[in-house]
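Asks: Below are the chains, spelled out letter by letter.
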Amino acid sequence: MTKQELEKVAANGLINRRHLLGLGLAGMGTAASTSLLGADAGLNLEIPGWSKQPGANASGYGSRSRFTDDMQRMSGNPNPLYPGGGASRSPLHQLQGSITPNSLHFERHHAGIPDIDPAQHKLVIHGLVRQPLVFNYEDLLRYPMVSKIYFLECSGNSGSLFGPNPADGSAQSLHGLVSGAEWTGIPLSTLLDEAGVDPEARWINAVGADAASMGRSIPLNRAMDDVMLALFQNGEPVRPGQGYPMRLFVPGCEGNISVKWLTQIKLTREPTHFRDETSKYTDTRLDRKSQQFTFPMGTKSVITAPSGQMKLERQGIYQVTGIAWSGRGSIRQVEVSADGGRTWADAMIDSHQSEKALARFRIPWQWSGGDAVLQSRATDSQGNVQPTRTSLVTEKGNISTYHFHGIQSWAVNTAGDVANVYA
Amino acid sequence: MFTLKKLLTASAVSASLSIGLSAAVQAQSLGTPINESQLQGFDLIAQPNGSGYPQGSGTAMQGKAIFERRCVACHGMTGEGTSANTRLVGGDMQSEERPIRTVGSYWPHASTLFDYVQRAMPADAPKSLTSDEVYQVIAYVLHLNGIIEDSLVLNKETLMQVEMPNKDGFIDSSQAL
Chain A
1 MTKQELEKVA ANGLINRRHL LGLGLAGMGT AASTSLLGAD AGLNLEIPGW
51 SKQPGANASG YGSRSRFTDD MQRMSGNPNP LYPGGGASRS PLHQLQGSIT
101 PNSLHFERHH AGIPDIDPAQ HKLVIHGLVR QPLVFNYEDL LRYPMVSKIY
151 FLECSGNSGS LFGPNPADGS AQSLHGLVSG AEWTGIPLST LLDEAGVDPE
201 ARWINAVGAD AASMGRSIPL NRAMDDVMLA LFQNGEPVRP GQGYPMRLFV
251 PGCEGNISVK WLTQIKLTRE PTHFRDETSK YTDTRLDRKS QQFTFPMGTK
301 SVITAPSGQM KLERQGIYQV TGIAWSGRGS IRQVEVSADG GRTWADAMID
351 SHQSEKALAR FRIPWQWSGG DAVLQSRATD SQGNVQPTRT SLVTEKGNIS
401 TYHFHGIQSW AVNTAGDVAN VYA
Chain B
1 MFTLKKLLTA SAVSASLSIG LSAAVQAQSL GTPINESQLQ GFDLIAQPNG
51 SGYPQGSGTA MQGKAIFERR CVACHGMTGE GTSANTRLVG GDMQSEERPI
101 RTVGSYWPHA STLFDYVQRA MPADAPKSLT SDEVYQVIAY VLHLNGIIED
151 SLVLNKETLM QVEMPNKDGF IDSSQAL
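Quick mapping for you: the protein sequence lines, in order, are chains A and B.
Numbered by our numbering, the letters in the first sequence go through residues 1 to 423 in order.
Numbered by our numbering, the letters in the second sequence go through residues 1 to 177 in order.
A few of these clues could be false.
[Claimed, not checked] No farther apart than 30 Å at their CA atoms in a straight line, the calculated lysine-lysine pairs in the DSSO-like style are these:
no., chain 1, residue 1, chain 2, residue 2
1, A, LYS122, A, LYS148
2, A, LYS280, A, LYS122
3, B, LYS64, A, LYS280
4, B, LYS127, B, LYS64
5, B, LYS167, B, LYS156
6, A, LYS122, B, LYS127
7, B, LYS156, A, LYS289
8, B, LYS127, B, LYS156
9, B, LYS167, A, LYS289
10, B, LYS156, B, LYS64
11, B, LYS167, B, LYS64
12, B, LYS156, A, LYS280
13, B, LYS167, A, LYS280
14, B, LYS127, A, LYS280
15, A, LYS8, A, LYS311
16, A, LYS280, A, LYS148
17, B, LYS64, A, LYS122
18, B, LYS127, B, LYS167
[As the list claims (entries may be wrong)] Between beta-carbon pairs, the in silico distance windows are:
no., chain 1, residue 1, chain 2, residue 2, range
19, B, ASN35, A, PRO164, 51 to 61 Å
20, B, ASP172, A, ARG130, 20 to 30 Å
21, A, SER381, B, ASP172, 19 to 29 Å
22, A, ALA119, B, ALA125, 22 to 32 Å
23, B, MET160, A, SER75, 52 to 62 Å
24, B, ASP172, A, ARG239, 26 to 36 Å
25, B, MET160, A, ASP193, 29 to 39 Å
26, A, GLN94, B, ALA125, 53 to 63 Å
27, B, GLN55, A, ARG66, 34 to 44 Å
28, A, ARG239, B, GLN40, 54 to 64 Å
29, B, ARG98, A, TYR61, 42 to 52 Å
Simulated from the structure, these hints should not be mistaken for laboratory data.
Model, not experiment: these values are computed from the prediction.
For each residue, glycine too, the CB sits at the ideal point set by N, CA and C.
Whole structure, please, built from the sequences with the hints as guidance.
Replies: Okay, here's the thing in structure tokens:
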């Protein structure tokens, strides 16, 4: 395959996504750089040492290669004035596919991670029900379950992009409060039906067993829909940082309402107006009115590579890749621009994407050493299109910094440095 | 976590499920009945309509001492905060600059103060205050914000009547799901 055969689909080097399929490594190499052509005289392959001695034994619990230990979540230092409070961000720039390994799934805690013995944990459903009930863990494991792949995003994710100046950040530090996993659990409607919902009930009030007893109110109509009591994440029991032994999971919605360490569901006529649905997780508009219960996460995408704080070492073909998601459906289209949004080309989306889940996209891009601004723009199955940062900030202002879902711009300069910019 | 015996029970359940799914789903009811009275020490939910408040009472005058002992390390002597997140006093939603949002300027309901302090504060020892102490210390926070007199006896009745400055500042967007 020659350079001429690579079909350019938008300005500044974007190549038809179809070449991702046809282009083997040799093809990529050919197009990427002539210096990769021909044999390197200094390269003599030999059998490596690890092929000459038996390796480690099978183990009861696996761990990753020690050569990948640098792949870490990013979290702040403990703060004695906010005991257990804080977040850890997924290394989006190092991950592939659309499932986040459990050890690298983002976390946000308001009062630390409780060490819960499942044998002592209770889930109570009460309030406006025919019969208040208490469930224990072992019994819950016997209920019929469903497994679904969903994204989870903190509503504060990407919040710094509301700020007046672009922060020097990476895909991880700016956008790492989103992850994807397969969640397995009991449809909440099964348990609410067992307790018998009183026709007067309009809200469920969910409370966790952490030290902050995190509470959120959720409309009953939503709670009876696709909400689940999640017990497993990517096949294993949800981890303590994700709510062990059980959490609520509200697909497509701001992460905070998927209350972790779930211990209480009270059905009521009115919402409780918990602190984390009044003081926090509310969106003050430019007219100074504040929207409450703004649950769904917007249609959004971010290029994870090349991305902020990376360096392109040489000219040639790069696979631009990233993730896209929407709280209101599945991802129908992701377009990529290399010239700051003037021209766009369709990226390839992996076919197994589903509703309210991360979709992985890819497109080949030829960097010829010049300035470029890489952007991605998602469209969901409802026709919602990811807005530019400017239009989002113009519409919402920046009094509140939740629900940022504008287009991210990564500038590449002639030295190959990639940086967060507003474009 | 699982004993082998329980695993077998579980797979027996799923085997029967694959045969008659809907019937099996309906048959599944493993919750244990409980009475609301058994949940009194467990249910901390306090709503604006007055439901969920314990007995007890207190004034801001009484709350000052608790605040100075249990809260100032993180919230400052007069609630000015030690970070943006811990400021409890001041601000104005109609200010020309970006408004500072606190209990006083932003919160629509006084009930939230009771509900939150009772469940989550002080952050280094949550749920360590008695109900009287919660009434007292939140009376003091409301007083620092100029919302109530320092002699007002806060209890389940009077708390419901406290009007917050930004009570009309919110729009319910829950049905935009």
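Asks: Would you mind confirming whether the straight-line C-alpha gap from LYS64 (chain B) to LYS280 (chain A) stays at or under 30 Å?
Replies: At roughly 26 Å apart (the allowed maximum being 30 Å), LYS280 (chain A) and LYS64 (chain B) satisfy the hint.
Asks: Holds or violated: LYS122 (chain A) with LYS148 (chain A), Cα cutoff 30 Å?
Replies: It holds: about 24 Å lies between the C-alpha atoms, which stays within 30 Å.
Asks: That 22 to 32 Å hint for ALA119 (chain A) and ALA125 (chain B) (C-beta), does it hold up?
Replies: At 26 Å between Cβs, range holds.
Asks: Taking the Cβ atom of GLN94 (chain A) and the Cβ atom of ALA125 (chain B), is their distance within the range 53 to 63 Å?
Replies: Hint violated: Cβ distance 39 Å, outside 53 to 63 Å.
Asks: Between LYS64 (chain B) and LYS122 (chain A), does the CA-CA distance stay at or below 30 Å?
Replies: The hint is violated at about 37 Å.
Asks: Should the hint that ARG239 (chain A) and GLN40 (chain B) are 54 to 64 Å apart at their CB atoms be regarded as holding?
Replies: Because 32 Å falls outside the window, the suggested range is violated.
Asks: Is the hinted range of 42 to 52 Å satisfied by the C-beta distance from ARG98 (chain B) to TYR61 (chain A)?
Replies: Holds - the Cβ-Cβ distance for ARG98 (chain B) and TYR61 (chain A), about 49 Å, lies within 42 to 52 Å.
Asks: Check the hint pairing LYS127 (chain B) with LYS64 (chain B) against an upper bound of 30 Å on the C-alpha distance.
Replies: holds, 19 Å
Asks: Would you check the hint for LYS280 (chain A) and LYS122 (chain A), treating anything up to 30 Å between C-alpha atoms as holding?
Replies: With a Cα-Cα distance of about 27 Å, the restraint between LYS280 (chain A) and LYS122 (chain A) holds, given a limit of 30 Å.
Asks: I want to verify a distance hint. Is the separation of the beta carbons of MET160 (chain B) and SER75 (chain A) within 52 to 62 Å?
Replies: Taking Cβ atoms as reference, MET160 (chain B) and SER75 (chain A) lie about 41 Å apart, which means the hint is violated.
Asks: Under the criterion that the straight-line Cα-Cα distance not exceed 30 Å, is the pair LYS167 (chain B), LYS64 (chain B) satisfied?
Replies: holds, 25 Å
Asks: Is the Cα-Cα distance between LYS127 (chain B) and LYS280 (chain A) 30 Å or less?
Replies: holds, 21 Å
Checked against the numbered hints above, the structure breaks hints 17, 23, 26, 27, 28 and satisfies the rest.
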